[in-house]
Amino acid sequence: MQSTKSSAENSGTTSEQYNGFTAEERAAMKEHAQEQKKAAAQRGSSRVEKEAAAERDVLAKIAEMPEADRVLAERIHDIIKTAAPDLTPKLWYGMPAYARDGKVLCHFQSAQKFKSRYATLGFSDQAALDDGAMWPTAYALKELTAADEQRISALVKKAVG
Numbered sequence: 003m004q005s006t007k008s009s010a011e012n013s014g015t016t017s018e019q020y021n022g023f024t025a026e027e028r029a030a031m032k033e034h035a036q037e038q039k040k041a042a043a044q045r046g047s048s049r050v051e052k053e054a055a056a057e058r059d060v061l062a063k064i065a066e067m068p069e070a071d072r073v074l075a076e077r078i079h080d081i082i083k084t085a086a087p088d089l090t091p092k093l094w095y096g097m098p099a100y101a102r103d104g105k106v107l108c109h110f111q112s113a114q115k116f117k118s119r120y121a122t123l124g125f126s127d128q129a130a131l132d133d134g135a136m137w138p139t140a141y142a143l144k145e146l147t148a149a150d151e152q153r154i155s156a157l158v159k160k161a162v163g
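Heads up: the sequence shown at position 150 corresponds to 152 in our numbering, and the numbers run straight through without jumps.
Hints were generated in silico from the structure; no laboratory data involved.
All residues carry an ideal CB built from backbone N, CA and C; glycine is no exception.
You may find that some hints are simply not true.
Label-pair distances were calculated between CB atoms; the ranges are [stated by the list, open to error]:
no. : residue 1 : residue 2 : range
1   : S48       : K105      : 16 to 26 Å
2   : G46       : K159      : 17 to 27 Å
3   : Y141      : A35       : 43 to 53 Å
4   : M31       : T147      : 32 to 42 Å
5   : R153      : K39       : 31 to 41 Å
6   : R28       : A156      : 33 to 43 Å
7   : E51       : E26       : 24 to 34 Å
8   : R58       : Y141      : 39 to 49 Å
9   : S47       : D150      : 32 to 42 Å
In silico DSS-like cross-links for lysine-lysine, where the CA-CA straight-line distance does not exceed 25 Å [stated by the list, open to error]:
no. : residue 1 : residue 2
10  : K39       : K115
11  : K83       : K160
12  : K160      : K40
13  : K144      : K160
Let the hints inform the model, and build the full structure from the sequences given.
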């Protein structure tokens, strides 16, 4: 008969044990599952209704953030909406994200989300940011200057293609 010991027991070490996902990661996965359920419940709604509801959800999520993250998220939201009005705001793992044809192009991750020392503006592989053989896909944010806002606007425009 085969042994049914856990992988931690089979690893040979008793002091090191894999604990799986962090509480923050599990919370993000739960938020994503809720987002998927909500999207499924809206299947009969028009595209305009779905997009309006998604933007309301994004704005509500931003409003829940601690002040430092909220200020950044509100500014990022405005910059993205101005630079790329065709992108649709939506929640993605509980984070404000901006999609084209349902596929996330970029997202804002608050510092509080994963207990980081900075917020992050991240871009997916859908973003047309390619620059040779290597390029950044995420940017740390602690505050936004006018120059930073212009740079983000240019990045979003480039990402859209």
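Contradicted hints - numbers only: Result: hints 2, 3, 8, 12 break, sorted rising.
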